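> So the chains spell out like this:
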Amino acid sequence: MTTTTTTPSRWKRFRNSYLVYSFKRDWIAQCCLAIFLCLLLGAICAPWLAPMNPYDLTQISILDSELPPMWIDGADPLFPLGTDAQGRDLLSTILYGARVSLIIGFGAVILQAVIGVTVGLLAGYLGGRIDAFLMRLADIQLSFSTLMVAIIVGAVIKAIFGGATYSAYAVWLLVLIIGLAEWPQYARTVRASVLAERSKEYVDAARVMGYRDRRIMFRHILPNTLSPIFVISTVQIANAIISEAALSFLGLGMPETQPSLGSLIKSGFDYLQSGSWWITLIPGTVLVVLVLVVNLLGDWLRDVMNPRLYKG
Amino acid sequence: MIAFLIKRLMHALVVMFVISVISFAIQSNLGDPIQQMVGQSVPESERAELREELGLNDPFLVQYARFAANAVQGDFGYSYFFNEPTTDVILRHLPATLELVIATTLIIVLLSVPIGVYCAIRPRSALSRLFMSVSIVGISIPVFLTAIMLIQIFAIGVDFSPFPADTGWGQWLNGALSTEGGMPSYGRGNDLTHLFGTWDSNFFSLEGLTYLVLPSLSLASIMLPLFIRLIRAEMLEVLQSEYVKFATAKGISRKRIYFVHALKNTMLPVITVGGVQLGTMVAYTILTETVFQWPGMGLMFLEAIQRSDIPLIVTYLMIVGLIFVITNTLVDLIYGLVNPTVKLTGKPA
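Line by line, the protein sequences are chains A and B. Each residue of the first sequence is one higher than the last, beginning at 0 in numbering that gives the first Met the number 0. Each residue of the second sequence is one higher than the last, beginning at 0 in numbering that gives the first Met the number 0.
Just so you know, nobody snuck in bad clues.
Computed footprint of chain B on chain A, listed as stretches where at least three residues anywhere in the stretch have a Cβ under 8 Å from a Cβ of chain B: (1) 143-156; (2) 273-282.
Calculated lysine to any residue pairs in the SDA-like style (CA-CA distance at most 20 Å, straight line): (3) B:Lys-6 - A:Leu-136; (4) B:Lys-254 - B:Tyr-242; (5) B:Lys-6 - A:Ile-139.
These are computed hints drawn from the structure, not numbers from a lab. Predicted model, so just to flag it, every value in this text is computed and none were measured. Every residue gets a Cβ at the ideal spot worked out from N, C-alpha and C, and that includes glycine.
Could you build all of it, start to finish, from the sequences and the hints given here?
In structure tokens form, the structure reads like this:
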């Protein structure tokens with residue numbers, strides 16, 4: 000691609016695009032992006048922002064356990080959001096937990112996208128038996144619901160490796176489990192747009208010029224299917240974070256020593272009846288806000304980009 | 000039609016075959032029945048003999064054939080923990096889950112249709128916007144968190160009094176923000192009506208029903224927004240169509256157009272999605288039953304995982320797989336029957 004002097008720079012083109020135009024006029028999208036960036040920044044900078052390191056046992060004292068947040072009587076000003084049952088500062092634990100949740104969410108979506116986009120491109124472009132086989136596979140897996148597949152795969156992996164090994168590699172195993180469970184979403188969306196693109200003239204032109212299939216698929220067709228990929232990616236991140244939380248809540252996810260938001264909610268649930276609602280409900284609120292802003296951003300993106308999403 | 004039927008049935012059989020191979024692979028790689036059957040003190044030679052006798056040294060395919068033959072007859076082996084046939088264990092836990100699913104389905108059907116239709120008929124009204132925003136919040140709250148919040152509010156109770164208690168309005172507001180609690184949130188209660196076999200029902204007494212309220216509300220909370228949005232989207236599309244305009248031009252009353260002509264065609268896609276969502280619901284029962292300690296199949300499955308009760312896990316997989324396959328096939332067939340535009344025998348487009 001050659002840029003002549005008359006075409007504006009990429010940044011300028013981006014600034015004048017419809018995407019940015021509609022973003023400036025949508026205060027909900029702006030709020031959501033702001034909240035999301037705050038959470039993301041908080042999670043990334045957790046080691047510097049957090050008052051204490053929840054992984055460091057020397058900083059934790061069991062005597063501080065189950066202290067309420069600061070707006071309730073009996074709170075300790077050292078712990079603004081209170082402490083959990085092991086005496087960890089809840090604010091720090093939430094920051095670290097959000098970090099784990101986001102790492103797993105993004106990692107799982109990248110894995111899904113790699114598998115799903117490749118499968119979708121192959122199925123849509125090559126067609127025929129490969130298409131029928133791959134899509135049948137995706138249909139079958141989808142009919143089992145992604146959460147069910149994730150729970151089953153998680154249970155089997157846990158049974159193979161045993162609890163201790165599973166906990167040690169939980170982050171990577173969860174990325175793998177959620178990635179494997181949700182790739183059909185990508186495959187179907189990409190295949191649908193590939194089918195639409197395949198019959199266009201530029202693809203014929205590229206073929207006539209003698210380019211190989213692989214080049215046509217990844218260099219020519221893929222860039223034209225990016226907008227639906229973007230839209231479902233946002234929704235998929237939200238889904239992956241929820242799936243991770245659900246798996247952790249069931250005890251198939253992050254261990255309590257290295258908690259994600261889901262395992263924090265789980266560990267707090269045992270203390271709900273004794274009145275310590277904050278251990279569960281504050282991480283829960285953070286989780287809901289995180290998922291909600293991602294979902295709302297996804298909604299906004301879908302309205303703006305308006306791709307022909309594959310309707311199941 | 001017959002060809003379509005046969006094709007669908009073949010498809011279902013292939014899927015069941017794949018599920019059974021996966022289940023068998025799990026069972027043969029994870030469980031060591033010898034270790035379960037004999038104690039520590041039995042020498043290796045006797046173990047080998049027993050292994051040979053039980054046919055555990057046979058080739059994979061031979062063992063699979065035996066497993067499949069037993070499975071077809073409903074024999075999935077014994078649960079390690081309960082020490083009884085796994086099918087018995089599952090049959091004992093099935094009614095609780097079924098009642099939860101039935102109650103949830105009732106809530107979903109009774110609420111989603113009127114709300115979805117209303118949001119489609121009056122897309123710009125304030126109430127519709129409220130429903131739509133609440134529904135996106137609903138989708139974003141994981142089902143176990145909804146359950147926990149319901150427990151906190153209705154079972155434990157909330158004492159939230161930020162307003163001054165010495166004024167009349169302050170007292171009233173504090174009262175409105177606090178709840179008494181006291182709703183049951185643990186198990187199914189004792190007041191069950193025995194129906195038949197292993198089926199004890201919560202549906203026939205007031206106390207039993209109160210035990211159903213919180214679990215089924217939580218389970219419904221995740222599916223309800225989905226259905227409201229789906230019904231609204233489909234109904235909006237139908238209302239744009241030519242035949243609705245024609246019906247309006249003919250002077251048929253709005254009510255009749257909405258509820259007789261439009262709703263019928265709206266429900267078609269809803270049925271398909273509903274059938275597929277049944278699978279999701281089974282997955283969510285695991286979460287809901289865990290929170291409420293509801294003694295159904297989901298809780299049983301999770302406990303089986305924690306106890307590494309491989310035969311029970313495998314049986315659960317097979318039975319849930321069977322449920323999925325049957326519902327999906329039925330949905331496909333019904334859809335093919337009621338919607339004549341579906342190409343019955345042709346290749347998928």
